[in-house]
Structure formats: C-alpha cells, structure tokens
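Q: Next come the chains, spelled out residue by residue.
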Amino acid sequence: MSTLPPPLPEDGDDFLAAEYVLGVLSLPERLAVESRLRREPAFAEKVAGWAAHLAPLDAEYPEEPAPDLMPAIEARIFGRPEPVAKRLPRRRWFLAALGATAAVAAFGVYLTGLDTTPQALTARIAAADGALIFQARYDTDQNVVTITRTRGPGPAAAHDYELWIITPGNPPAPVGLVSAATRKLTVPKLSAGDTLAVSLEPAGGSPNGRPTRVLGAGVLSLT
Amino acid sequence: MQDDQIAHLLKGVAGGDRVAFRTLYSAASAKLYGVCLRILRNRAEAEEALQEVFTRIWINAGRFDADRGRAMTWLISIARNHSIDRLRSRREETIDSSESDPFAMIPDPAPGAEARAVAQGEAGRVSKCFEILPPAHAAAIRGAYLDGLSYAELADRHAIPLNTVRTWLRRGLLRLKECLAQ
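The listed protein sequences correspond, in order, to chains P and F.
Numbering of the first sequence is given in the UniProt record's numbering, commencing with residue 1 and proceeding in unit increments.
Numbering of the second sequence is given in the UniProt record's numbering, commencing with residue 1 and proceeding in unit increments.
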C-alpha cells in the first residue's frame, strides 16, 4: 500500500462495514462479513449505520415493471399455485339455485366432501438455480418428516445440511442434519403453510442456533 | 404506496397472509426489479433474482422492525444484497462451489441511534453531503452502490489503479460521514 497518498484515519472495521454495504467485496469476503454480523453487535451497528447513510441513493433505482412472477414464486414457496375457488359440481349448483337454505346445505355437502383429514403434507425445498432439491413429506400422524435429496450433491467437506422449521412469527427452529440422501426426523406438530428450510452449516450443524446460510425453503402443503 | 402501508403488508406477510404477499408484490416488485436489473443487467437473471428476493421476503418478513427503519429500504436491501451476491458468484468461478451459493441468510443488523437518525428523513442532507465530495469520489461510491461494481470494475471505469479506487472510496466515505455528523 506504499502507493497510497497521505495516510487516512484507520478504522478497518468501519471501512469494512462501508465496503460491505457498498457491495465492492468479493463473495467470500461478503460471507465472512455476514458471519461476523451475526456474532458481533458492535460491528452490525456499523453496517446498519452505513446502510442508513447510503440508503438515500436507493431513490436513484428506476422502477421497472416486473413480469408477473407471483405464480412462480408461490410455486417455489408453497409447492403449487394457490388454489382458486373450485367450481362446484353441476348438481350442487342446481341445489344452490333452489334457494338460500338449499345453497347453504349444498355448501355443507361440498365442505364435507373436502373433509378428508390429510395424512401427509409435502414441501419441495429447492435452491433458486435448481441445482439442489429436497422433497420433504410430513406425516401428520407420527409427526415425522421424511426428507430426501432428489437433486444435487451432498454437502462440501466439513459442512452439513441442516433442516429448519419456520412457523409464522417465530425464528427458524433447527430440526436436524439432512446431509444423508434420505432422513427421517421427528418434529413438533406442523400444519399446512409452515415453512421448511435447508441451510448449509459447518460440520455438526449451526454453531449458534440460527441458520448460517439458507439454501432453499418450501412451504408445507397438501399433496 | 406509502411506506407505512408497505410496513403493514409486511406484518401481514410475517403472519402468513398470502393476500398481503400478493399485494406487496404489486406494490414493490417494480422497484425491486429495477434494483435487480440495474445490478445484474440481464432480464432473465433479474427475474430469477426477484423470485428469490420475494422468497426471502416471505421467510424473513417477521424480522422487519418498523421502529428501526423504512420498509422499502429493508426490501431494497434484500434485493441489493441478493443481486450483488449473484453478481459476485457469477464472476468468481474459482471459489469452492459450496461457497459460491448465493443464498446467504440476510444479515440482521440492529441499527442503533445513528442509523435511526439517518433513516428518519435525512435524505436531503445526504444528497447535500454527496455534492461536496470530489465528483470522481462521488461517482465511484454511486457506481459501487447502484451498479454493484467491484474494485476491479471501478478501476476499469475510471482508468485508475485498484489501490486508488480504494483510496477514493475511503476518502469519499469518510467525508460523507463527517458531513453527516455535522
């Protein structure tokens, strides 16, 4: 660094925080910073400070009408598009036409038809580039998740994949390691709409009870 | 849409409200797509990035704290971070593939008084402070932040050595910070 002009006040961490927010760091450096953010509140504070300093620049990003990616996004998260209102069978429409009372009765029949307690919920957990895919099946009777890696390699040396449960309003809860091609894990009671996620962790699992790097997530839905 | 409306939608999303999630897409996708597209400069990749961004929004919405900053700023930081991760993983093919996966968990810094003060309507002051920077330093900071340029690309763009870029950024940022502290 002998080519540098007059020396500047040194605060390596503060400049590193700024470099991270600016985005000039390499990916390994960015990941190292993100790992520190989780462990060092003082450093996280510096990053948040720079993020706030520079946020006014966000106004310069133009709005660009996005294609409707919601079906693809919902398919990724929920496993399939949100069901649209199903057409009632014609016979029940006929009943409905008889009057309000009949309509209510018909709707009752319709609901009863749906009331098959699900034995299993499934989720597809895929990385965005599709290179890594897990299929998870949750048996409601036994509270067991069977998770199978259907695409992609096992974790790199000295790493493990870890499964997490994310329920609304709660932080991710670790379930267990899923580095093997197939695993069965006992879980708390889950319901449709809960999220399963797989993270990449140091060997043995998350060191701090939080996912280190989320690789993909999927929401449990009816098969 | 007002920022408090976005914040309200995020609260719904955190509670698993899929209608709120769709409304949020309608309200915020144009801006976030603008961010992805400017950084990635490729529509197909920006679309993939936007899908991932909204997936992360769904998963992490519960971590947004309206007392700590604007909702739109939070959403844009997710889009910027993911786009920059993608850009860096695209350009760094030599690193271990297990490390090149761009699905870093969103960092969750808890901003303190400084961040809150800046977040609360000091945009005008920040622009003024940008104006007092040497134009080249300001341009380097903007190029890094808005376009996701790396040190090497900034050096190329300004036709200066890499160390000089670092110095520009460091000096520019220091002055920016001093100016904001006044």
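Calculated directly from the structure, the hints in this document are not laboratory data.
Keep in mind that the hints are not guaranteed to be accurate.
[What the hints assert, rightly or not] Below 20 Å or equal to it, Euclidean Cα-Cα: the simulated DMTMM-like pairs (lysine to aspartate or glutamate) are: (1) F:11 - F:65; (2) F:31 - F:45; (3) F:31 - P:139; (4) F:177 - P:141; (5) F:177 - F:131; (6) F:177 - F:156; (7) P:184 - P:160; (8) F:31 - P:63; (9) P:184 - P:139; (10) F:11 - F:47; (11) F:31 - P:68; (12) F:128 - F:156; (13) P:184 - P:129; (14) F:128 - F:47; (15) F:177 - P:14; (16) P:184 - P:201; (17) P:189 - P:129; (18) F:31 - F:47; (19) F:177 - P:63; (20) F:177 - F:153; (21) F:31 - F:178; (22) F:31 - P:45; (23) F:128 - P:141; (24) P:189 - P:141.
[What the hints assert, rightly or not] Stretch-level coverage of chain F by chain P, calculated; a stretch enters the list once three of its residues show a Cβ under 8 Å from a Cβ in chain P: (25) 1-9; (26) 84-90.
Positions of the beta carbon are idealized from the N, C-alpha and C atoms, including for glycine.
Q: All the hints need checking, so say for each whether the structure fits it.
A: Against the structure, the hints:
no., hint, result
1, F:11 - F:65, "holds (9 Å)"
2, F:31 - F:45, "holds (16 Å)"
3, F:31 - P:139, "violated (41 Å)"
4, F:177 - P:141, "violated (58 Å)"
5, F:177 - F:131, "holds (13 Å)"
6, F:177 - F:156, "violated (26 Å)"
7, P:184 - P:160, "holds (16 Å)"
8, F:31 - P:63, "holds (4 Å)"
9, P:184 - P:139, "holds (10 Å)"
10, F:11 - F:47, "violated (25 Å)"
11, F:31 - P:68, "holds (14 Å)"
12, F:128 - F:156, "violated (28 Å)"
13, P:184 - P:129, "violated (26 Å)"
14, F:128 - F:47, "violated (34 Å)"
15, F:177 - P:14, "holds (11 Å)"
16, P:184 - P:201, "holds (19 Å)"
17, P:189 - P:129, "violated (31 Å)"
18, F:31 - F:47, "holds (13 Å)"
19, F:177 - P:63, "violated (28 Å)"
20, F:177 - F:153, "violated (24 Å)"
21, F:31 - F:178, "violated (30 Å)"
22, F:31 - P:45, "violated (26 Å)"
23, F:128 - P:141, "violated (63 Å)"
24, P:189 - P:141, "holds (9 Å)"
25, 1-9, "violated (count 0)"
26, 84-90, "holds (count 4)"
The structure fails hints 3, 4, 6, 10, 12, 13, 14, 17, 19, 20, 21, 22, 23 and 25 (numbered hints given earlier, in ascending order).
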